[in-house]
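K.L.:
Chains as they are written, first to last, in UniProt numbering: chain L, 1 to 275; chain R, 1 to 275.
The set of hints was computed from the structure by calculation and includes no laboratory data. Among the clues, some could well be false.
Heads up, the list lumps identical chains together, so a pair's fine if it works in one copy or across two of them.
Computed list of lysine to aspartate or glutamate pairs in DMTMM-like fashion (alpha-carbon distance at most 25 angstroms, straight line) [to be verified]: (1) Lys-264 to Glu-11; (2) Lys-228 to Asp-49; (3) Lys-76 to Glu-104; (4) Lys-76 to Asp-36; (5) Lys-34 to Glu-104; (6) Lys-228 to Glu-72.
Number of protein chains: 2
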Amino acid sequence: MTFLDMLRQAEQTNGSMLCVGLDPDPARFPASLKGDAGRIFDFCARIVDATADLAMAFKPQIAYFAAHRAEEQLEKLMRHMRSAAPHVPVILDAKRGDIGSTAEQYAIEAFERYGADAVTLSPFMGFDSVAPYLQYHGKGAFLLCRTSNPGGDDLQNQRLSSVPGEPLLYEHVARLAQGPWNLNGQLGLVVGATYPAEIERVRALAPTLPLLIPGVGAQGGDALATVKAGWRPEGQIIVNSSRAILYASAGDDFADAARREAIKTRDTLRAARAA
Amino acid sequence: MTFLDMLRQAEQTNGSMLCVGLDPDPARFPASLKGDAGRIFDFCARIVDATADLAMAFKPQIAYFAAHRAEEQLEKLMRHMRSAAPHVPVILDAKRGDIGSTAEQYAIEAFERYGADAVTLSPFMGFDSVAPYLQYHGKGAFLLCRTSNPGGDDLQNQRLSSVPGEPLLYEHVARLAQGPWNLNGQLGLVVGATYPAEIERVRALAPTLPLLIPGVGAQGGDALATVKAGWRPEGQIIVNSSRAILYASAGDDFADAARREAIKTRDTLRAARAA
């Protein structure tokens, strides 16, 4: 089964375009777990259990584990997701970007050690920084394309006079990912939710790639506009929400609150598609 | 002491512009350690001990540790470098690139968990993906600028018509790093050794930034041309060699062979500066 098939199946099974982002910050855990980095697995597993029938994907952000020496907890969490939500693909958010034998090592980390179904990557070093991941058939790779942070413009929004059609840098990345770089249909793109016109532009350049769209929820971003701009029958969107779900309640009802928030976001996205 | 001061001091103490890259691949270890990921620390510590008086910097590549579940060995190695070579700064090669709270987590990983003196970063997400690292005064950050892999051209070598002077993308990064992004003099640049003309161009745009230059040794790259293009009295270069040193011998004399190779490279670089 390809990664795209996995995404499609999860979307259908759970009727959802929601990706639950797992950015565990012990400082924001509920009182009974608060500040305890040894409880990262426990916290995340509760969230996974509460949203396993609501998510199209899970996206653990590896920085939150690495900062707390929690690699073993991440391994355990990956196994837990596989068993508690076998139909939900897991995207390891790592934004790796290196070449040759180093990229091979990162691919081993993501796909063999952690068993992720897909990984996020930076395109800055070019195709040979992406190719080693494509050796893993059935796995996916989402390239950073257009991010909606304030500094996103610094490089991504520059116009390239040396490329036919003079695209912006992020448009160039979208074209490469839809075209020559996409050897086995394994690529997707990361596009922020803040500017729907840019999602629409990326979708026009990359009609069939899955778009991973962070920025709905705690980071703002309008769900209706996002879905209109990005979703197509042949072009999936995976709309990520992390903090709004994880920290929906600061109390011991955090898993129930996360579930309620995830239902709300899933339904908003669904309604936007029907609208 | 700033990171630049550390670099200067190490350069003077060891009379060296050589950075010893630590990319431990158990498959390439000598027979007595071969294939044993549990011996990564032992292998690297032997290399560190053999080159502590020859290196201007050490550069562990985190992917090689992460692929082998060797984070604890990396922590131990960082402590070992601090004690065996306290005057040699350690650059953690991680090429992180993320924003906001995620970048803060990666900064905690690099500077607090591992105690690195500097880290490598990708500039693709813009200034706010760099800023969190600059909160650690005294620490350094090397931004990817121009890499000499085949795909390096894909993005870095495109011409930007939207920036005054129409620089290439890598030239734009060099200017940002020398200028507006370099809040506290903490930034450096990563520039591949394959094309000396490009090192010279980066040096012209970033006259005082330290340049981390991989690609001498196993990756090719001419030492004399590299030094001529990049070194200036006010602009340091840190010339990295990894595999040529680590795997100079496949026998149990690997540490002695690494030392001989490091001396050779250090002397070649030194002679190039005098030439």
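K.L.:
All the hints need checking, so say for each whether the structure fits it.
P.N.:
Hints, verified against the model:
Proximity of Lys-264 to Glu-11 under the C-alpha cut-off of 25 angstroms is restricted to the intra-copy arrangement: shortest distance 16 angstroms within a copy versus 58 angstroms between copies. Taking the shortest alpha-carbon separations for Lys-228 and Asp-49, neither the intra-copy value of 30 angstroms nor the inter-copy value of 60 angstroms comes in at or below 25 angstroms. For a Cα distance limit of 25 angstroms, the shortest separation of Lys-76 from Glu-104 qualifies both inside one copy, at 23 angstroms, and across copies, at 24 angstroms. Taking identical chains as interchangeable, the C-alpha atoms of Lys-76 and Asp-36 lie at most 25 angstroms apart whether they share a chain (17 angstroms) or sit on different chains (23 angstroms).
Taking the shortest alpha-carbon separations for Lys-34 and Glu-104, only the inter-copy value of 19 angstroms comes in at or below 25 angstroms, while the best intra-copy value is 37 angstroms. Proximity of Lys-228 and Glu-72 under a CA criterion of 25 angstroms is satisfied in neither setting, with 40 angstroms inside one chain copy and 47 angstroms between copies.
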